[in-house]
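A.B. asks: From just these sequences and the hints, can you work out the full model?
Each chain, written out:
Protein chains: 2
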Amino acid sequence: MAAAAKCSRLGGPLARQLLDSVDSVLFDCDGVIWRGDQVVPGAAEVINLLKRRGKRVFFLTNNSTKTRKMYAEKLTRLGFGASADEVFATAYCSAMYLKSVCGLEGKVYLIGSGAMRQELEEVGIQQVGVGPDLVSGGQADWAAVPLDPEVKAVLVGFDEHFSYMKLNKALQYLADPDCLLVGTNTDTRLPLEGGKAVPGTGCLVKAVETAAQRQAHVVGKPSRYMFDCVAAEFGLDPARSLMVGDRLDTDILLGTSCGLKTLLTLTGVSTLADAEGHRESGCPVRMAMVPDYFVDSVAELLPALQG
Amino acid sequence: MAAAAKCSRLGGPLARQLLDSVDSVLFDCDGVIWRGDQVVPGAAEVINLLKRRGKRVFFLTNNSTKTRKMYAEKLTRLGFGASADEVFATAYCSAMYLKSVCGLEGKVYLIGSGAMRQELEEVGIQQVGVGPDLVSGGQADWAAVPLDPEVKAVLVGFDEHFSYMKLNKALQYLADPDCLLVGTNTDTRLPLEGGKAVPGTGCLVKAVETAAQRQAHVVGKPSRYMFDCVAAEFGLDPARSLMVGDRLDTDILLGTSCGLKTLLTLTGVSTLADAEGHRESGCPVRMAMVPDYFVDSVAELLPALQG
Numbered sequence: 035m036a037a038a039a040k041c042s043r044l045g046g047p048l049a050r051q052l053l054d055s056v057d058s059v060l061f062d063c064d065g066v067i068w069r070g071d072q073v074v075p076g077a078a079e080v081i082n083l084l085k086r087r088g089k090r091v092f093f094l095t096n097n098s099t100k101t102r103k104m105y106a107e108k109l110t111r112l113g114f115g116a117s118a119d120e121v122f123a124t125a126y127c128s129a130m131y132l133k134s135v136c137g138l139e140g141k142v143y144l145i146g147s148g149a150m151r152q153e154l155e156e157v158g159i160q161q162v163g164v165g166p167d168l169v170s171g172g173q174a175d176w177a178a179v180p181l182d183p184e185v186k187a188v189l190v191g192f193d194e195h196f197s198y199m200k201l202n203k204a205l206q207y208l209a210d211p212d213c214l215l216v217g218t219n220t221d222t223r224l225p226l227e228g229g230k231a232v233p234g235t236g237c238l239v240k241a242v243e244t245a246a247q248r249q250a251h252v253v254g255k256p257s258r259y260m261f262d263c264v265a266a267e268f269g270l271d272p273a274r275s276l277m278v279g280d281r282l283d284t285d286i287l288l289g290t291s292c293g294l295k296t297l298l299t300l301t302g303v304s305t306l307a308d309a310e311g312h313r314e315s316g317c318p319v320r321m322a323m324v325p326d327y328f329v330d331s332v333a334e335l336l337p338a339l340q341g
Numbered sequence: 035m036a037a038a039a040k041c042s043r044l045g046g047p048l049a050r051q052l053l054d055s056v057d058s059v060l061f062d063c064d065g066v067i068w069r070g071d072q073v074v075p076g077a078a079e080v081i082n083l084l085k086r087r088g089k090r091v092f093f094l095t096n097n098s099t100k101t102r103k104m105y106a107e108k109l110t111r112l113g114f115g116a117s118a119d120e121v122f123a124t125a126y127c128s129a130m131y132l133k134s135v136c137g138l139e140g141k142v143y144l145i146g147s148g149a150m151r152q153e154l155e156e157v158g159i160q161q162v163g164v165g166p167d168l169v170s171g172g173q174a175d176w177a178a179v180p181l182d183p184e185v186k187a188v189l190v191g192f193d194e195h196f197s198y199m200k201l202n203k204a205l206q207y208l209a210d211p212d213c214l215l216v217g218t219n220t221d222t223r224l225p226l227e228g229g230k231a232v233p234g235t236g237c238l239v240k241a242v243e244t245a246a247q248r249q250a251h252v253v254g255k256p257s258r259y260m261f262d263c264v265a266a267e268f269g270l271d272p273a274r275s276l277m278v279g280d281r282l283d284t285d286i287l288l289g290t291s292c293g294l295k296t297l298l299t300l301t302g303v304s305t306l307a308d309a310e311g312h313r314e315s316g317c318p319v320r321m322a323m324v325p326d327y328f329v330d331s332v333a334e335l336l337p338a339l340q341g
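Note that the protein sequences, when read in sequence, are chains A and B. Counted from 1, the first sequence has number 168 at position 134 by this note's numbering; the numbering is strictly sequential. Counted from 1, the second sequence has number 47 at position 13 by this note's numbering; the numbering is strictly sequential.
Misleading hints may appear alongside valid ones.
One copy or two, either will do: identical chains are not told apart, so a pair holds if it fits within one copy or between any two.
Pairs of lysine-lysine, DSSO-like flavour, derived with a Cα cap of 30 Å [claimed, not checked]:
| no. | residue 1 | residue 2 |
| --- | --- | --- |
| 1 | 186 | 133 |
| 2 | 230 | 186 |
| 3 | 85 | 230 |
Just so you know, these hints were derived from the structure itself, not from any lab.
C.D. replies: Encoded structure:
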């Protein structure tokens, strides 16, 4: 597709044509099919109709605080017909990454959530570290903190209990050059309704990378592993797959990198001006973040599915 | 001084010549005059003799966990004749920076130590935030955490109680573009004896910068404010001042940037090979980290002072 034709509004016959050209549709969740706990109007109908028309639908999210099962429950509660195996959240994908790509034999030092622990255990990986861990008055020498000799990887995801002691333990484990460093994602903020935000996993990954003086392998979007993970389980053809997301720097970049068709929806983080700015930049790095198409909301796919 | 003559071993008549050419000598502490709680043999004699010969001596450290007074006590305990006003530690310097350079009128949200709180109070700045601060089960919405409306700056130093909640509060304060972001220093690790290390303030600054999506003003070496702070109080002539340190990227770079003479001592972090690597690189950025002279230990200054 020529660069000039990119970032077209998707509507009418073009929408039908696009949907006919794909077998699988991959949706980001927050900002796309829901915002917090509010479903985007029409999103459930779109997804249910896509399935009725024989499309495979998947949910790809960088959020590491929920298991696949927890996501399937939320999807069902909000009116989406969805099963756990359609969900590719970074808690699950990072466990798969450590098991399948890294062939990890050993434990994980986990800076993350209970959901991440569950997904690790689900694939047979033991963890240490989840939950609060603070500097205590009795510990004079932080570098001599007791370590588990079976730990062979540090995994960093969202952790509301992130602390100096956790950062210190990560550094001590990573002093062994054979100990892996993996991050679920590098989103710097979690945007909330009303323009507010709280710190995202990217801040924690950056702190650990700075202490360890090395870069983490990142599992979440825009890392292509998120697509590879779906493709490995379901045999997707990239050329006949569509990535739908609200963020240019994660969702759309993932889609472009993996050779998928891409659709930006304007119910989330990125704006049309952001996309057009990238398109006009002439910079190859930024061009990879220009979507093929955009819609104001995924609900705009409804006419093409109902016709 | 020609580039080729840089990084010479300092000894014999050259040492006497150098000392004759300066009125003030600025010492980094850890790795230079002591290592942890072990004084570098001969360092106390060197400093006491320098003073006896009419030199002004100052102590410049990026460590933010101690007040000037605490440093003066440690110096005295280890045999150095030193008073608090000769100590320029980042706890003190960041308080001075906020007061004198920024003209801060308001409180500081402090990610840091009790010593930093003391130095802020010493110059009349109130703080909130010091001590443990954790996510509590009752707080559902972290972005709605109560803030002190009088806070006009976030100051990040070393904090063993660093936590996700502190990172979050920093982000919420910094959502106001008029709220300042200041870091004591960006050292990524605190090196310990035996090659071990614990995470340094740089990791915490990086986490806050990532969350706030802006860069901190950094007070510590190599920021030239550390020298400006001494110069403002004591009227130093840079050309007649010598910076002595063990780190090329902080001590020596500060000295070069401010037009001081520079001396690397090999009792700490940087090696002679590091310095020579910079010298041979031809890269102007790296050349600024090449010292004029080096010694194995500051004790090598003794003959020139005793003669």
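A.B. asks: Going through the earlier hints one by one, which of them does the structure break, listed in rising order?
C.D. replies: Of the numbered hints, just 3 does not hold.
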